[in-house]
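**Q** The primary structure of each chain is shown beneath.
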Amino acid sequence: MTRSNDRRRSYSAELIESGITPPLLSARNLCFEMQGQPLLQSVNLSVRAGRRTIVIGPNGAGKSLLLRLLHGLIPMTTGDIYWKGQRFSRDAQSAQAMVFQRPVLLRRSVLANLKFALKVCGFVGPERARRVQDALRISGLMDVANRPARVLSGGEQQRLAIARALVCAPELLLLDEPTANLDPAATSYIETLIDMASGRGITVVMVTHDQGQARRLADDLVFLQDGRVEGTGVASDLFANPRSEAMKAWLDGRLHVRREEM
Amino acid sequence: MDIGVLFLQSFGLISNWDSNLSEIVFLSLQVTVTAVVLACLLGLPIGAMVGTFRFFGRSGLILGMNVLMGLPPVIVGLVVYLLLSASGPMGVLGLLYTPFAMIIAQTVLVTPIIAALSRQVIEDLWMEYAEQFASLGVSRRARIFALLWDARFSLLTVVLAGFGRAVAEVGAVMIVGGNINHVTRVMTTAIALETSRGQLELALALGLVLLIVSLVVNIVVMAFRGTIVRGAYA
Ligand SMILES: Nc1ncnc2c1ncn2[C@@H]1O[C@H](COP(=O)(O)OP(=O)(O)O)[C@@H](O)[C@H]1O
Ligand SMILES: [Mg+2]
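Residue numbers (this note's numbering), protein chains in the order written: chain A, 28 to 289; chain B, 1345 to 1578.
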């Protein structure tokens, strides 16, 4: 206990001494193993407040695992996660919202899905009604508000999942491949919604395996492959000048074969 | 006796529906519906909690619940009889050979069915919801209510299974109710009695009524489910 407190203080102190405000979220030497198999290895990354950080990489790289770890849903094997320079806690989790790769919608109407989230974070009465209306408006789901969520189209479901994640005004929005199964029109709608969220000052961390999307949306970039960060930094720099052979290969569209399969 | 004639006679009896028959049908429904409601109040929360919480002895409890689903009614009847009989621990209440005794016996019989089947239904739904609920920060209490509500359509089928078991059951209500005319005579005990007396057309008439009652209850519940679900629920 004392040790971890010391460590926490020293990390914050270190940042403040160097004149840097701590990033909203950061991971230091994050490792995750399952049944002795390392799935994430020494991941270091920083998420800057108010920016869009895009995590890219091939299938099976560990992108979804990383997002779950950053959201505190699964415990890391070793390493540290910091929220505003403090060790990750329950409060950090409630300041974040996550949209899963396969959106999990309640077996209720669109409206009831939004109300449920608002009730959980403590909004009632007219404020809740106002937020529900806002969510329906930005997601374009006003006309289907009373329809069961699970009969919506894929694009509508994903919009609802994002709108529901936004109703409680999180500081950080985590998105796991929100457009993976959508056509270009639906994808574009989702991207507009994400734009709008960051326009409201919400920090976004989004996973995608779509290069075009990463180029459109990224402020900062994290390139993940085989459970390792193979490049991270400001997106425009990194796209222009990929720092690792792995990332260059991926950007060129050269197929990557996982190490253990070679 | 010719089966065809028997059927005709029993239809005749049903068409001459008398107050005695209504009394028996009404008491049957009263006892069974009360028992099923009580069993739901007990069994659904148990099922939901066992389905979503992790605790020591959980698999043993699930095994126990599944075994109790197949509890022989006569054994339930015997145990409830021993509890309620004059010399038993609850003898002072004087409940033996009253409809209350039958309600208790059927509740004991149906609760494990509701609990065990709803546990499975809720657990399957929880697999899907768990991460999202963790992310939203849903409390344990709110989780139980949300899961019971979202599983409501599957749970209706569970409740119907419990109803079917209770309404058709004869052993337990016979032992603790005593099949007393105008007091504890229900459809199943009346059928058993009339058959043993050789009043086959009356027994068959009651049997048909029992079938019709079960059918109507199922149709009503399924129609109710259908109106809400139709085209709407995936
Ligand atoms: N629950 C799990 N058990 C075992 N292996 C898992 C589990 N979840 C993920 N993995 C493995 O971890 C690796 C990374 O998975 P994931 O994070 O889903 O990749 P992606 O980058 O495609 O999102 C994969 O090889 C996957 O098989
Ligand atoms: Mg993934």
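Among the hints, erroneous ones may be present.
[What the hints assert, rightly or not] Just a sample of chain B residues kept apart from chain A, beta carbon distances all over 10 Å, derived:
#, residue
1, 1352
2, 1441
3, 1473
4, 1480
5, 1482
6, 1490
7, 1504
8, 1526
9, 1552
10, 1554
11, 1559
[Said to hold, decoys possible] Ranges of calculated distance between the beta carbons of each label pair, as one might list FRET restraints:
#, chain 1, residue 1, chain 2, residue 2, range
12, B, 1497, A, 236, 51 to 59 Å
13, A, 169, B, 1468, 49 to 57 Å
14, B, 1475, A, 86, 52 to 60 Å
15, A, 86, B, 1403, 47 to 55 Å
16, B, 1497, A, 226, 33 to 41 Å
These are calculated hints, taken from the structure and not from any lab test.
Remember, predicted model here, so these are calculated numbers, not experimental data.
Cβ atoms here follow ideal geometry from the backbone N, Cα and C, with glycine treated the same way.
**Q** Against this structure, judge whether each hint is valid.
**A** Hint by hint, here is what the structure shows:
no. : hint                          : result
1   : 1352                          : holds (49 Å)
2   : 1441                          : holds (45 Å)
3   : 1473                          : violated (6 Å)
4   : 1480                          : violated (5 Å)
5   : 1482                          : violated (5 Å)
6   : 1490                          : violated (7 Å)
7   : 1504                          : holds (19 Å)
8   : 1526                          : holds (46 Å)
9   : 1552                          : holds (38 Å)
10  : 1554                          : holds (34 Å)
11  : 1559                          : holds (28 Å)
12  : B/1497 with A/236: 51 to 59 Å : violated (36 Å)
13  : A/169 with B/1468: 49 to 57 Å : violated (33 Å)
14  : B/1475 with A/86: 52 to 60 Å  : violated (20 Å)
15  : A/86 with B/1403: 47 to 55 Å  : violated (35 Å)
16  : B/1497 with A/226: 33 to 41 Å : holds (40 Å)
In this structure, the earlier hints numbered 3, 4, 5, 6, 12, 13, 14 and 15 are contradicted, and the remaining ones agree with it.
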